[in-house]
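As they're listed, the protein sequences go chains A and B. First residue of the first sequence: 2, per the working numbering; consecutive thereafter. First residue of the second sequence: 2, per the working numbering; consecutive thereafter.
You may find that some hints are simply not true.
Copies of the same chain look alike in the list, so a pair counts if it fits in one copy or across any two.
For lysine-lysine, the following BS3-like pairs were computed, each having C-alpha atoms within a straight-line distance of at most 25 Å [said to hold, decoys possible]:
hint: 1; residue 1: Lys3; residue 2: Lys177
hint: 2; residue 1: Lys206; residue 2: Lys239
hint: 3; residue 1: Lys181; residue 2: Lys242
hint: 4; residue 1: Lys186; residue 2: Lys246
hint: 5; residue 1: Lys74; residue 2: Lys181
hint: 6; residue 1: Lys206; residue 2: Lys156
hint: 7; residue 1: Lys328; residue 2: Lys143
hint: 8; residue 1: Lys3; residue 2: Lys206
hint: 9; residue 1: Lys8; residue 2: Lys381
hint: 10; residue 1: Lys10; residue 2: Lys37
hint: 11; residue 1: Lys325; residue 2: Lys74
hint: 12; residue 1: Lys242; residue 2: Lys37
hint: 13; residue 1: Lys178; residue 2: Lys3
hint: 14; residue 1: Lys279; residue 2: Lys374
hint: 15; residue 1: Lys74; residue 2: Lys339
Hints are computed from structural coordinates only; laboratory data are not their basis.
Protein chains: 2
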Amino acid sequence: MKINLDKYKNLTRNFEREIINLNPIQRGGILPVEAKKAVYEFWDGYSVCDYCGGRLDQVSTPPICEFLEDFSKFVNLDISRPTHGAREGKFIVMHSICNEGDYVVVDGNAHYTTYVSAERSRLNVVDVESDGYPTFRINPEKYKEVIDNLEDKGKNIGLILLTHVDGNFGNVEDAKKVGKIAKEKGYPFLLNCAYSVGRMPVDGKKLNADFIVASGHKSMSASGPCGLLAFKEEFAEKILKTSEKFPIKEIEMLGCTSRGLPIVTLMASFPHVVERVKRWDEEVKKTRYVVDELEKIGFKQLGVKPKEHDLIKFETPVLDEIAKKDKRRGFFFYEELKKRGIGGIRRGVTKEIKMSVYGLTWEQVEYVVNAIKGVVETHK
Amino acid sequence: MKINLDKYKNLTRNFEREIINLNPIQRGGILPVEAKKAVYEFWDGYSVCDYCGGRLDQVSTPPICEFLEDFSKFVNLDISRPTHGAREGKFIVMHSICNEGDYVVVDGNAHYTTYVSAERSRLNVVDVESDGYPTFRINPEKYKEVIDNLEDKGKNIGLILLTHVDGNFGNVEDAKKVGKIAKEKGYPFLLNCAYSVGRMPVDGKKLNADFIVASGHKSMSASGPCGLLAFKEEFAEKILKTSEKFPIKEIEMLGCTSRGLPIVTLMASFPHVVERVKRWDEEVKKTRYVVDELEKIGFKQLGVKPKEHDLIKFETPVLDEIAKKDKRRGFFFYEELKKRGIGGIRRGVTKEIKMSVYGLTWEQVEYVVNAIKGVVETHK
Numbered sequence: 002m003k004i005n006l007d008k009y010k011n012l013t014r015n016f017e018r019e020i021i022n023l024n025p026i027q028r029g030g031i032l033p034v035e036a037k038k039a040v041y042e043f044w045d046g047y048s049v050c051d052y053c054g055g056r057l058d059q060v061s062t063p064p065i066c067e068f069l070e071d072f073s074k075f076v077n078l079d080i081s082r083p084t085h086g087a088r089e090g091k092f093i094v095m096h097s098i099c100n101e102g103d104y105v106v107v108d109g110n111a112h113y114t115t116y117v118s119a120e121r122s123r124l125n126v127v128d129v130e131s132d133g134y135p136t137f138r139i140n141p142e143k144y145k146e147v148i149d150n151l152e153d154k155g156k157n158i159g160l161i162l163l164t165h166v167d168g169n170f171g172n173v174e175d176a177k178k179v180g181k182i183a184k185e186k187g188y189p190f191l192l193n194c195a196y197s198v199g200r201m202p203v204d205g206k207k208l209n210a211d212f213i214v215a216s217g218h219k220s221m222s223a224s225g226p227c228g229l230l231a232f233k234e235e236f237a238e239k240i241l242k243t244s245e246k247f248p249i250k251e252i253e254m255l256g257c258t259s260r261g262l263p264i265v266t267l268m269a270s271f272p273h274v275v276e277r278v279k280r281w282d283e284e285v286k287k288t289r290y291v292v293d294e295l296e297k298i299g300f301k302q303l304g305v306k307p308k309e310h311d312l313i314k315f316e317t318p319v320l321d322e323i324a325k326k327d328k329r330r331g332f333f334f335y336e337e338l339k340k341r342g343i344g345g346i347r348r349g350v351t352k353e354i355k356m357s358v359y360g361l362t363w364e365q366v367e368y369v370v371n372a373i374k375g376v377v378e379t380h381k
Numbered sequence: 002m003k004i005n006l007d008k009y010k011n012l013t014r015n016f017e018r019e020i021i022n023l024n025p026i027q028r029g030g031i032l033p034v035e036a037k038k039a040v041y042e043f044w045d046g047y048s049v050c051d052y053c054g055g056r057l058d059q060v061s062t063p064p065i066c067e068f069l070e071d072f073s074k075f076v077n078l079d080i081s082r083p084t085h086g087a088r089e090g091k092f093i094v095m096h097s098i099c100n101e102g103d104y105v106v107v108d109g110n111a112h113y114t115t116y117v118s119a120e121r122s123r124l125n126v127v128d129v130e131s132d133g134y135p136t137f138r139i140n141p142e143k144y145k146e147v148i149d150n151l152e153d154k155g156k157n158i159g160l161i162l163l164t165h166v167d168g169n170f171g172n173v174e175d176a177k178k179v180g181k182i183a184k185e186k187g188y189p190f191l192l193n194c195a196y197s198v199g200r201m202p203v204d205g206k207k208l209n210a211d212f213i214v215a216s217g218h219k220s221m222s223a224s225g226p227c228g229l230l231a232f233k234e235e236f237a238e239k240i241l242k243t244s245e246k247f248p249i250k251e252i253e254m255l256g257c258t259s260r261g262l263p264i265v266t267l268m269a270s271f272p273h274v275v276e277r278v279k280r281w282d283e284e285v286k287k288t289r290y291v292v293d294e295l296e297k298i299g300f301k302q303l304g305v306k307p308k309e310h311d312l313i314k315f316e317t318p319v320l321d322e323i324a325k326k327d328k329r330r331g332f333f334f335y336e337e338l339k340k341r342g343i344g345g346i347r348r349g350v351t352k353e354i355k356m357s358v359y360g361l362t363w364e365q366v367e368y369v370v371n372a373i374k375g376v377v378e379t380h381k
């Protein structure tokens with residue numbers, strides 16, 4: 002065995018410390034100082050298990066069991082469990098409440114992990130298509146059509162799923178209406194809140210959700226991977242079914258899920274997260290400002306207008322034009338932004354870009370806007 | 002919604018910093034300084050995904066793809082993937098290579114997560130019993146008997162599983178022989194190395210293993226939860242099957258698994274881990290010293306003798322005697338050790354205790370031995 006170990010000896014990263022990161026999957030996962038302090042305490046392996054009586058969700062030092070109760074209040078559902086992330090939460094729900102071969106009805110903007118979770122659970126997926134370019138909005142009434150159609154064909158529907166905020170356009174969909182349709186039809190309703198819980202206020206019962214999955218690393222200022230699954234009590238029996246041989250251990254959790262550092266950062270960040278969702282209006286204001294300013298230089302916002310979420314997708318024909326004549330081709334934009342201390346826009350991409358200024362100060366937002374304007378104006 | 006957030010504002014822990022932790026599940030998961038430095042760089046949410054092209058195992062900055070190749074070399078198997086831990090690795094193997102209702106043959110000392118993984122995969126489990134008190138050794142020949150018996154009954158066997166080192170007695174089982182039996186019978190063989198890989202040398206092919214699961218937080222000096230699954234190429238098609246709709250995404254990984262901080266600690270600790278397994282003989286020597294010394298005061302080591310692994314289980318009738326007359330009852334031992342800066346022995350337990358001195362200096366080992374002797378001698 003010959004291994005060159007030198008490459009592991011100085012693992013560094015300059016994002017966040019030196020570079021403003023505009024990647025929408027990263028802006029909601031930046032740790033506040035309180036969480037960083039907790040990291041120093043809990044970084045060792047099984048550090049949350051010092052005082053464990055056999056189950057992660059019952060650990061009281063650190064206060065995991067209280068945190069789960071508080072999270073249930075935060076999203077207004079009955080019971081919560083830690084997970085490794087939103088995708089793992091979706092798999093747990095699908096695998097425990099559906100039967101092999103069942104149909105899952107999902108929105109056409111659903112994250113790829115929704116499909117993959119269904120495939121792993123050996124379920125069929127049917128899309129409710131969005132209204133397409135340029136808004137890509139999901140019409141709740143179309144859920145009704147798809148469901149009726151499946152029922153007419155005698156298919157077994159196991160679950161209705163909606164991506165509360167999708168990762169492509171940052172549309173905030175009408176969960177309440179989709180949930181109402183699911184409820185009227187008698188099907189359980191899962192709301193994928195990977196991009197909403199922790200960024201904006203989410204009330205599970207008001208939105209008619211039976212299950213909510215949340216992402217710690219994406220939107221709750223936690224170290225990845227971790228997340229939460231919250232649900233209504235009536236599903237507890239299936240989701241929390243315990244092992245025959247080890248009656249304290251929950252099967253779908255494989256006993257315990259997030260047994261280590263990430264869940265501590267999730268807890269330590271929670272006060273910060275609870276406070277920041279109260280300032281959601283201000284975040285939307287920043288986002289709309291970015292859209293207004295960048296549309297002036299030829300960017301075109303896709304998705305619902307005006308923006309109701311910080312994730313922005315732009316069509317950027319102006320960048321594409323520049324790329325044709327710049328010797329760096331599509332990489333000019335990435336490289337010019339990098340010079341200005343800005344990162345997180347995909348390298349080489351010029352036709353469409355995704356970005357977010359979530360959590361940046363107004364001063365930083367203006368800096369970003371002016372930097373992008375500057376790059377475009379000096380190169381076109 | 003009324004939540005008292007104060008309890009999350011100062012999450013602290015004194016283990017490791019102030020207390021010598023004898024808990025066997027914790028001793029192999031303590032971070033070396035190199036990993037702590039990397040934590041500081043990568044603690045934010047999706048920090049390992051800055052330069053991702055769509056799959057965690059292909060990320061080259063940080064060098065995850067190279068790490069997986071190096072890990073394959075380290076355990077001498079063909080292909081590796083990150084997981085959330087050993088249990089998640091077992092589930093991935095069972096779920097992808099077995100069919101519902103198949104039988105899994107496991108050792109009677111198997112960790113509870115082996116059973117729970119099988120339950121979640123909707124498989125049946127049959128135990129190969131150990132030889133019982135006091136050694137609890139697994140006889141490989143008994144695997145043959147159990148397999149023959151299942152075959153006679155016409156049962157479908159999907160997997161043979163052995164816990165390389167069990168978490169109760171710290172016995173190192175004869176994987177090579179069990180693997181040979183599995184191979185002769187034509188069944189795939191999974192070796193659960195949660196307590197071995199990262200502590201002691203493990204050669205997958207030499208041990209006839211088709212799959213190895215390892216635990217980052219338990220035995221590879223990584224922040225929990227994370228682990229690795231390594232396997233022979235012939236199983237790649239099933240384990241790494243990709244999504245129909247998203248052909249780059251591996252179904253059993255739900256796309257990506259350990260997408261964050263823990264895998265960085267795993268990589269940063271790897272040089273330390275590679276070095277420490279070379280000193281395994283010294284660790285066994287320390288363990289045997291502890292056994293020799295504590296048997297002098299009435300402790301009795303269970304499991305195979307002499308010890309071949311750092312996890313020690315003692316019967317402790319002498320502690321039980323003291324507990325009967327001490328006003329603190331069974332808690333006297335925990336509390337007396339705590340006064341001496343030692344933790345990790347379960348509170349209130351006096352009939353049997355589990356402990357490990359893995360990774361402690363000889364000076365610390367002697368301190369622990371003398372402290373335990375002192376507590377017993379002054380109280381009995």
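For each hint, the structure was consulted:
| no. | hint | result |
| --- | --- | --- |
| 1 | Lys3 with Lys177 | between (58 Å within a copy, 23 Å between copies) |
| 2 | Lys206 with Lys239 | within (20 Å within a copy, 40 Å between copies) |
| 3 | Lys181 with Lys242 | neither (27 Å within a copy, 36 Å between copies) |
| 4 | Lys186 with Lys246 | neither (37 Å within a copy, 28 Å between copies) |
| 5 | Lys74 with Lys181 | within (21 Å within a copy, 54 Å between copies) |
| 6 | Lys206 with Lys156 | neither (28 Å within a copy, 47 Å between copies) |
| 7 | Lys328 with Lys143 | neither (47 Å within a copy, 70 Å between copies) |
| 8 | Lys3 with Lys206 | between (57 Å within a copy, 16 Å between copies) |
| 9 | Lys8 with Lys381 | neither (40 Å within a copy, 54 Å between copies) |
| 10 | Lys10 with Lys37 | both (22 Å within a copy, 12 Å between copies) |
| 11 | Lys325 with Lys74 | neither (53 Å within a copy, 45 Å between copies) |
| 12 | Lys242 with Lys37 | neither (35 Å within a copy, 37 Å between copies) |
| 13 | Lys178 with Lys3 | neither (59 Å within a copy, 27 Å between copies) |
| 14 | Lys279 with Lys374 | neither (31 Å within a copy, 57 Å between copies) |
| 15 | Lys74 with Lys339 | neither (41 Å within a copy, 37 Å between copies) |
Checked against the numbered hints above, the structure breaks hints 3, 4, 6, 7, 9, 11, 12, 13, 14 and 15 and satisfies the rest.
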